[in-house]
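Letter by letter, the sequence shown follows residues -26 to -1, 1 to 81 of mature numbering (1 follows the signal peptide of the UniProt record, and there is no 0).
Hints are computed from structural coordinates only; laboratory data are not their basis. Check each hint, because a few of them may be wrong.
Derived pair list, reagent style DSSO-like, types lysine-lysine, alpha-carbon separation capped at 30 Å [what the hints assert, rightly or not]:
| # | residue 1 | residue 2 |
| --- | --- | --- |
| 1 | Lys47 | Lys22 |
| 2 | Lys16 | Lys70 |
| 3 | Lys16 | Lys59 |
| 4 | Lys29 | Lys65 |
| 5 | Lys47 | Lys16 |
| 6 | Lys22 | Lys70 |
| 7 | Lys70 | Lys29 |
| 8 | Lys16 | Lys65 |
| 9 | Lys47 | Lys65 |
| 10 | Lys29 | Lys47 |
| 11 | Lys22 | Lys65 |
| 12 | Lys29 | Lys59 |
| 13 | Lys29 | Lys16 |
| 14 | Lys70 | Lys59 |
| 15 | Lys59 | Lys22 |
| 16 | Lys70 | Lys47 |
| 17 | Lys59 | Lys47 |
Keep in mind the model is a prediction, meaning the values are calculated, not measured.
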Amino acid sequence: MQSLKTLSLITTFLFASQFVATQAVAEGLRCNSDIVNTGDAKASVLQKCGEPMLKDSFCNPTTVVNDGNECEKIETWTYNPGSGKFLTTLKFSQGKIIAIEYGARVP
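Whenever a hint applies, use it, and build me the whole structure from the sequences.
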């Protein structure tokens, strides 16, 4: 009987964890009354969120393709959404968001 309760508790926890993780990914980055998501263009992000607190770029190695490029240029923009929220980094490739990553909580 004890193992059934434990199994039920674990199952409930895993389900709840998955739901919370899905909600975090689906939310994107909230900027004022707007939200930016994967696929949004840089111009749209600038219009909705303004200038980021930090911009950086790096070369992501790839296999050589027809145009001779051996890397994909990735640009990162980091936003500080405010006290108690998480630093958010947007990764861009070819001018569009390809990933949204959350960092440390802002004190």
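Now the hints, each set against the structure:
Note on Lys47 and Lys22: the hinted pairing holds, with a Cα-Cα distance of about 23 Å set against a maximum of 30 Å. Of the pairs offered as hints, the one joining Lys16 and Lys70 holds, with about 6 Å between alpha carbons and a cut-off of 30 Å not exceeded. A C-alpha spacing of about 22 Å is found between Lys16 and Lys59, which places the hinted pair at or below 30 Å, so the restraint holds. Distance check on the hinted pair: Lys29 and Lys65 sit about 10 Å apart at the alpha-carbon level, within 30 Å; holds.
For the suggested pair Lys47 and Lys16, the alpha carbons sit about 14 Å apart, so the restraint of at most 30 Å is met. As the CA atoms of Lys22 and Lys70 are separated by approximately 14 Å, the hinted pair is consistent with the 30 Å bound. Only pairs whose Cα atoms come within 30 Å are accepted, and Lys70 paired with Lys29 is accepted, the gap being roughly 15 Å. Between Lys16 and Lys65 the CA atoms are separated by roughly 10 Å; this keeps the pair inside 30 Å, and the hint holds.
For a cut-off of 30 Å, the pair hint linking Lys47 to Lys65 stands: about 10 Å separates their Cα positions. Under the criterion of a C-alpha separation no larger than 30 Å, the hint pairing Lys29 with Lys47 is consistent with the structure, at around 13 Å. Distance hint between Lys22 and Lys65 is fulfilled; the C-alpha atoms sit about 16 Å from each other, no more than 30 Å. Our distance criterion of 30 Å between C-alpha atoms is met by Lys29 and Lys59, whose separation comes to about 19 Å.
For a cut-off of 30 Å, the pair hint linking Lys29 to Lys16 stands: about 12 Å separates their Cα positions. Among the hinted pairs, Lys70 with Lys59 is consistent with the structure: their alpha-carbon atoms are about 24 Å apart, no more than 30 Å. The straight-line distance between the Cα atoms of Lys59 and Lys22 is roughly 18 Å, inside the 30 Å bound, and the hint therefore holds. Taken as a hint, the Lys70 and Lys47 pair is honoured in the structure, with Cα atoms around 12 Å apart against an allowance of 30 Å.
Between the alpha carbons of Lys59 and Lys47 the distance comes to roughly 28 Å, so the proposed pair stays at or under 30 Å and holds.
Checked against the numbered hints above, the structure breaks none of them.
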